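Residue numbers (the numbering used here), protein chains in the order written: chain Y, 1 to 277; chain S, 1001 to 1277; chain W, 2001 to 2277; chain R, 3001 to 3277.
None of these hints come from the bench; they were simulated from the model. Remember, it's a predicted structure, so these values are computed and weren't measured experimentally. Heads up, some of the hints might be wrong.
[What the hints assert, rightly or not] 25 angstroms max Cα-Cα, derived SDA-like pairs, lysine to any residue:
id	chain 1	residue 1	chain 2	residue 2
1	R	3014	W	2130
2	R	3014	W	2180
3	R	3014	W	2005
4	Y	245	Y	219
[As the list claims (entries may be wrong)] To be clear about the criterion: a stretch of chain S counts as covered by chain Y if any three or more of its residues have a C-beta under 8 angstroms from a C-beta of chain Y, and this derived list gives those stretches:
id	stretch
5	1014 to 1022
6	1030 to 1037
Glycine included, C-beta positions come from ideal geometry on N, C-alpha and C.
Number of protein chains: 4
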Amino acid sequence: MERKTLLTECPDSKGLIAQITNICYKHQLNIVRNTEYVDPVTGQFYMRTVLEGVFNDTTLLFDLDRALPTGSRRSLLSEGAKRVVVLVTREAHCLGDILMKVFDGSLALDIAAIVGNYAELSALADKFAIPYHHISHHGVSRTDHEQQILATIAPYQPDYLVLAKFMRILSADFVAHYRNRIINIHHSFLPAFIGANPYQQAFERGVKIIGATAHFVNEQLDEGPIIEQMVRTVDHNFSAADMAKAGRDVEKAALSRALQLVVENRVLVHGNKTVVL
Amino acid sequence: MERKTLLTECPDSKGLIAQITNICYKHQLNIVRNTEYVDPVTGQFYMRTVLEGVFNDTTLLFDLDRALPTGSRRSLLSEGAKRVVVLVTREAHCLGDILMKVFDGSLALDIAAIVGNYAELSALADKFAIPYHHISHHGVSRTDHEQQILATIAPYQPDYLVLAKFMRILSADFVAHYRNRIINIHHSFLPAFIGANPYQQAFERGVKIIGATAHFVNEQLDEGPIIEQMVRTVDHNFSAADMAKAGRDVEKAALSRALQLVVENRVLVHGNKTVVL
Amino acid sequence: MERKTLLTECPDSKGLIAQITNICYKHQLNIVRNTEYVDPVTGQFYMRTVLEGVFNDTTLLFDLDRALPTGSRRSLLSEGAKRVVVLVTREAHCLGDILMKVFDGSLALDIAAIVGNYAELSALADKFAIPYHHISHHGVSRTDHEQQILATIAPYQPDYLVLAKFMRILSADFVAHYRNRIINIHHSFLPAFIGANPYQQAFERGVKIIGATAHFVNEQLDEGPIIEQMVRTVDHNFSAADMAKAGRDVEKAALSRALQLVVENRVLVHGNKTVVL
Amino acid sequence: MERKTLLTECPDSKGLIAQITNICYKHQLNIVRNTEYVDPVTGQFYMRTVLEGVFNDTTLLFDLDRALPTGSRRSLLSEGAKRVVVLVTREAHCLGDILMKVFDGSLALDIAAIVGNYAELSALADKFAIPYHHISHHGVSRTDHEQQILATIAPYQPDYLVLAKFMRILSADFVAHYRNRIINIHHSFLPAFIGANPYQQAFERGVKIIGATAHFVNEQLDEGPIIEQMVRTVDHNFSAADMAKAGRDVEKAALSRALQLVVENRVLVHGNKTVVL
């Protein structure tokens, strides 16, 4: 007996849940948890169905495809670790947090490799015996740099790329290779303080709360679908540096909670938003 | 076209969602939102289905009853205000908060009447033109006092009783009249600081967080199913009185959020717990 | 025996705390609580000293003024209710929340009057027997409208103006009459979603957290010193209207917490920021 | 120029702040930040003074001791890393979190050694090149076990012991060696769910919030002064195991925030409470 998650997305119509769950029933699958959402504006239907039983993926998906309307997307996802490649620059906190959570069993990732545009974090990768590829951006064009990264990542066949404080902007071309599969942590409570040095901006504005945003990366910088946001309070005692330090905690927390949601097959992309079922 | 919520509870079995949603489909009802939960320990199935369409309640419920296993409970609930009677003692904050939220349209309650064992809060009831019944407990037995309250409440036929800082313990007999329909706000983060004067207890223990618990009342004092809990931070600067004051804010917030969940037909009782779908 | 709060602000120099507290000691005043902050960037010194004893305000302030460097500001504030005039438009929730908190004793304000540019909320003011001035902005110039408001407010001699969802932008000239004494609640987590319809913006961006900002009003719209910010989580189920509704709760909470800080004489303005001691 | 923190505790009397800050001024020390608290119940005075300048510790403390009343305690603490020994059993998450925060520079601890009553976590210690002492409790009396641990720890001369999920109860005798210097993370929101298996208890009670408590250890199990408490929401979907997993996140967060407060010299013990200045 196995457990899998069926994610379905299609234009809404009457009887959809009945059709899908009838097929599951016909396949002798038990529904452990079912959550559904219809967007009232777009009329798009989203459903997450956790199934238990003996799976014949091919016939199940065949039956579903015959029943669902044109333009539907469905995926049948196994439980268990997602395969990722992590991209980093020089800051250790997000990578370290992920590595430790994988180590202590609280985050089901299979970290296939780490790619850094600086060499600093290779020592951290080594502690956990994970391949580290140092691909410097110095003296190469952005296009060439991205091609090197893509070529390095490809053999690992990751489910997702995780940008754990990777401080390079990715081109639309790069992003297209991993559409809705690149997860970034942005060091602000988007859309506040877009761009560089958000903590300095937050300090100058005298805010009482700072935050971080985990989101899928799309072609528009800082505009991809938000998966998770977290915040914490600050006060006048915080210098810009203190805010950045406090922010690192929030960044770690938001990124790892987003990754947890992705691991649990709970995140569907919906235009430039997410539906978290 | 109307919108209603179907709440279903029964022992789990394969095909349940398909059966229920098939019936909805047969009745030409559109499923706006569907959330389901199966308790892995007890194997009990819970589902909340928000339906839209033209309802024939009788035939819909008849079809459901025929399809569902023995021991099922289902209810088809309209949208809109719940009818309540609020019981109070002398503290104004929870009652005032509810009255104001009903007044400004943010909480869909129809407050039929207020019952107080003191007269103090009748002035507040008057401001909002709600009948206030002062039923003193002085010089009467608990049984007689409760009988007077029950007799006063009965004609209003409330969906729920709300204990908004009603400081009298209700007998099992009283509770039986409104099984899982009495909502209390308890002035602590249950199960911490059970009993009287929880803020004094919290102060003496030097806690850094205080809380409040909204729960259904059952026969066991402080033991009914928890609907909502909220907390806030405190520090060494808080005296016991300051904690009580801060606690009043949390009490209001937890009670009104619990009431909001009840208004949205999202709370199912599950033994001594709740399932909030 | 009385309790008063001394707020001091001046350029930092060695021995300042000693000088100030020596003077308090000389005046036989007991220091109940003392909190101090020096801005490391500007070198400005801020101190809040809660004093207990028998006060001779004139000689105490005289001694302080002699001791403190040029450019110092200090105020000796009594405990107890602040006198305010509340400005509103048509939304009841913030005004209602303040009225109820004053009523139940949890917020020490003396609400001298309410000014509305619409008539709607006069019924709410009446419930609490507070004078309501309807000063419509229709058919009058902004300057004339503001002059009418100023003339109406002046006799009440308020300590603060509270903009409880007052949806008119105030001119620099108006603001100058109540410098750092106008408290506004902004319906977004500033600086995100500046301007009109922030909840629609938040909805379209698909954020997972919304917030509100209580701030002093200065000449720059949405740019005044932030006193308090609060947030709450939302998810894909929230329509723009749901977000606005959830936002109203946060607006109330942030505004009333900011007012509480002001009542406790804890807020000092520091350029376009606040220091909350 | 150096920065040090002076912590002072003594019975309150008029002029104390003036006396202390006069001495600082006389020593040409600048006060960067000063926070003071007087317990209104016990009349005990607590002050934290961050000083900057050239220190002559001996004369400064001599002057203070002469000025302060009998029964005073004061300490002059350097900035910078605290020296700790961490005690663990088999769970990696708290130890891992601390190690990673020290590694990435966000927590200023000097982890001198790790002591475990099981061998499991030695591999984790090795990654960070920290001595790991496996001192099994099997086949030895509690007294002997504790003596072995004490003997092992002593040469490291730690400022604090950190119990990072050390699942053994320490005797009063052990605790006496490190009075108010042993920091424990308790896996519940104390005083709720005291004792073993709090997550099972929380699950059975159907709570909507779980928490963790970081506290100093005293002779009474689960009764020492609370430094920090943190919580997170849970719901009916959480099994006892899910709660335990969610709880591990809160445990890490509460412990590391408590350690951060200790590192910043902000925590004073006050009977069975803490004052965090």
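Enumerated hints in conflict with the structure, sorted upward: 1, 2 and 4
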